[in-house]
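*Asks:* Sequence:
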Amino acid sequence: MTLDSLAAVLPKAAEPIVLPVPPGAVKVLPRWAEEDEVSKWRLKYRAGAAPEESEGWVELELRHFTRELPLSNLDWGLEHLFQVAIETPDGWSDWSPPVHCQPPCPQAPGKPAAVLPVVVSSEAVRLQWTPPLDVATAVSELQVTRYKILVNWMADEAMCRERSWWRTATLTWSQASRA
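Here numbering that gives the first Met the number 0 is used: the first residue of the sequence shown is 0, the next is one more, and so on.
Since the hints were derived computationally from the structure, they do not count as laboratory data. One or more hints might be untrue.
As the list claims (entries may be wrong) - For lysine-lysine, the following DSS-like pairs were computed, each having C-alpha atoms within a straight-line distance of at most 25 Å:
#1 26 x 11
#2 43 x 11
#3 39 x 11
#4 26 x 43
#5 26 x 39
Start from the sequences and build out the full structure, keeping to the hints where you can.
*Replies:* Shown next as structure tokens:
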């Protein structure tokens, strides 16, 4: 019996799927073969496009049941590299080939947190709303300064039954017009 026949067969590396998720984040989804008895997996990532550099990698070790990992506070606008490895009873796999992904630019939120309409008459409605959460405060260049609310209503009771005609108005909120 030779030493070659005693060598353990290490598992094949997992495959990372990296999805850009606004604002300024990514979601890492490790994928491995169903037959692999994975107990842990490792993720390493870094900003930059050169995988051969050994400096600057952030490494995380996670349990097998963590099949989705959101990462935020990445340098948006810069390409990042992501690699994964898995641990089975036979040992650790090699690192996967690097996957490139660029986190998207953070954006301001698209809707108010809550709208409370109060019907005053068939021609008027009063709106109260809470402004959108300002997720942009984490990014110094972004700040919510104005947003719009689209209001649809039916012109009269007869049209209400038909549901055929709607009136539309767009309200614009800005710091200057806030009461």
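*Asks:* All the hints need checking, so say for each whether the structure fits it.
*Replies:* These are the hints, each one checked on the structure:
A distance of roughly 22 Å separates the Cα atoms of residue 26 and residue 11; the hinted pair therefore holds under the 25 Å criterion. For the hint linking residue 43 to residue 11, the alpha-carbon distance of about 17 Å falls within 25 Å, and the restraint holds. As the CA atoms of residue 39 and residue 11 are separated by approximately 14 Å, the hinted pair is consistent with the 25 Å bound. Between residue 26 and residue 43 the alpha-carbon distance is near 13 Å, which keeps this suggested pair within the 25 Å criterion.
A distance of roughly 18 Å separates the Cα atoms of residue 26 and residue 39; the hinted pair therefore holds under the 25 Å criterion.
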